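Participant: Same order as they appear, the protein sequences are chains D and H. The letter at position 157 of the first sequence is residue 157 when you use our numbering, and the numbering goes up by one with no holes. The letter at position 30 of the second sequence is residue 30 when you use our numbering, and the numbering goes up by one with no holes.
Since the hints were made in silico from the structure, they are not lab data. Since the model is a prediction, treat every value here as computed from it, not as a measurement. Be a bit skeptical, because a hint or two may be false.
Non-contacting residues of chain H with respect to chain D, defined by C-beta distances greater than 10 Å in every case (computed) [said to hold, decoys possible]:
#	residue
1	E73
2	R81
3	A162
Cβ-Cβ distance ranges computed for the label pairs, FRET-style [as the list claims (entries may be wrong)]:
#	chain 1	residue 1	chain 2	residue 2	range
4	H	L168	D	G52	25 to 33 Å
5	H	D166	D	D202	47 to 55 Å
6	H	A169	D	R58	33 to 41 Å
7	H	R31	D	D103	53 to 61 Å
8	H	H160	D	G52	23 to 31 Å
9	H	V172	D	E126	55 to 63 Å
Backbone N, C-alpha and C fix where the C-beta goes; we use that ideal spot for every residue, glycine too.
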Amino acid sequence: MDRPHRGTAGPARAGGAPVTANLAATAESQTGTIVEARDLVKSFGETPALRGASLAVRRGEIVAVMGPSGSGKSTLLHCLAGILVPQEGQVWFGGQRLDTLSDDRRSALRRDRFGFVFQSGQLVPELTAEENVALPLLLSGTRRGPAIAAARKWFGTLGLDGLERRRSGELSGGQSQRVSLARGLVADPELLFADEPTGSLDSVSGELVMDLLTAAAREHGTTVVLVTHDARVAAYADREVVVRDGKVGTLTGARP
Amino acid sequence: MSVPLTLLGLLERGPSHGYDLKRDYDAYFGRGRPLRYSQVYATLSRLARDGKAVAGPVEQGSGPERRRYVITEAGVADVERWLAEPAPPEPDLQSELFAKVVLAMMLGHPASGYLDIQRAAHLQRMRELTDLKQRGDPLDVLLADHMLYRLEADLRWIDHTAARLDLLARAVRP
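Can you build the whole structure from these sequences, using the hints too?
Facilitator: Next up, the structure:
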């Protein structure tokens with residue numbers, strides 16, 4: 001499978017937003033916003049995590065979401081990604097209301113249009129590295145042969161040549177995380193969500209993962225929402241926002 | 001760190017003698033490096049000459065010269081401007097960061113706003129250094145890494161301080 005290279009102002013992918021979202025999609029293309037949280041409120045039991053959090057991310061942008069532990073930054077990422085549904089507020093993706101979709105529709109969206117990288121690679125231990133990378137394609141119905149072929153293309157790009165048949169137990173932390181990154185990118189997602197992608201790595205391995213993540217995202221025009229508490233990781237982003245007490249701070253910095 | 005602006009900031013709390021300003025400066029900001037009296041009085045004279053403070057008449061009494069100094073509106077404006085602008089995000093600015101945060105809390109200003117401004121300036125500089133690393137030669141990378149780690153240490157201090165402002169404010173407010 002050839003991977004389409006999508007510029008930041010490139011056309012929407014085939015099978016994109018449904019017809020009902022046409023008007024909103026037009027608004028999205030005018031503002032350049034791909035995903036937006038509007039006044040999100042989310043509590044876990046009695047514990048509030050988000051208290052009116054708002055964030056708009058432009059297509060092709062790499063945004064770092066920072067904040068102290070318990071500030072709500074991961075909850076914000078999970079709401080933007082449709083993993084969690086807020087109790088109040090709205091989430092929009094590509095001109096489409098995401099938080100009101102059914103569980104199945106949100107699952108399909110996550111599978112087909114989003115990619116994910118988590119702190120500890122969360123690879124499936126029974127699968128080889130290339131099968132782990134191919135997993136999103138296999139789950140969305142791509143046949144095994146083309147899926148594995150597409151997965152293998154990432155091994156050279158991410159400095160993983162020769163590790164295709166290894167299982168996660170035979171990979172170092174840095175290698176596992178690069179496999180996880182390949183898995184997040186293999187289906188050419190419009191949006192990549194990365195939650196502390198270097199959190200379990202030493203500084204050199206973490207830097208390599210961030211170099212590769214940002215280079216791949218910029219080359220393919222992938223929008224990235226990156227949760228991190230590490231300022232050196234955030235410095236790879238175009239812009240950072242700070243979440244405190246469940247709200248997104250108004251003062252943000254941006255790459256000139 | 002700017003000694004004149006720090007003294008001016010202390011003066012914004014209320015009229016003070018040079019002796020009291022030196023005592024408070026040493027207590028809050030000196031940290032083993034107290035100001036000399038001559039430096040305090042020379043600085044106060046310059047501030048008065050430049051219209052940032054007004055010196056009252058010499059008061060009767062024994063010991064060193066006793067004049068009460070009062071900050072002017074121009075002096076207040078200087079302090080506000082200084083507190084609101086981020087320090088250049090270079091290594092070794094911890095004393096200025098420290099002075100600004102303590103003064104902001106002492107004067108009842110929103111220190112969190114100052115910390116946010118400084119935080120944004122630091123991250124901006126870290127982005128520039130990260131860009132430099134991606135296109136620089138190995139020596140550039142080595143130097144950029146050194147600065148990045150120093151700036152990161154400042155940022156961690158900024159975040160830690162931001163989380164404890166209420167506690168700190170109680171310690172420095174009269």
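Participant: Indicate, hint by hint, whether the structure satisfies it.
Facilitator: Structure-based check of all given hints:
no. : hint                           : verdict
1   : E73                            : holds (28 Å)
2   : R81                            : holds (18 Å)
3   : A162                           : violated (8 Å)
4   : H:L168 with D:G52: 25 to 33 Å  : holds (27 Å)
5   : H:D166 with D:D202: 47 to 55 Å : violated (36 Å)
6   : H:A169 with D:R58: 33 to 41 Å  : holds (37 Å)
7   : H:R31 with D:D103: 53 to 61 Å  : holds (58 Å)
8   : H:H160 with D:G52: 23 to 31 Å  : holds (25 Å)
9   : H:V172 with D:E126: 55 to 63 Å : holds (59 Å)
Violated hints, listed in ascending order, are 3, 5; each of the other numbered hints is respected by the structure.
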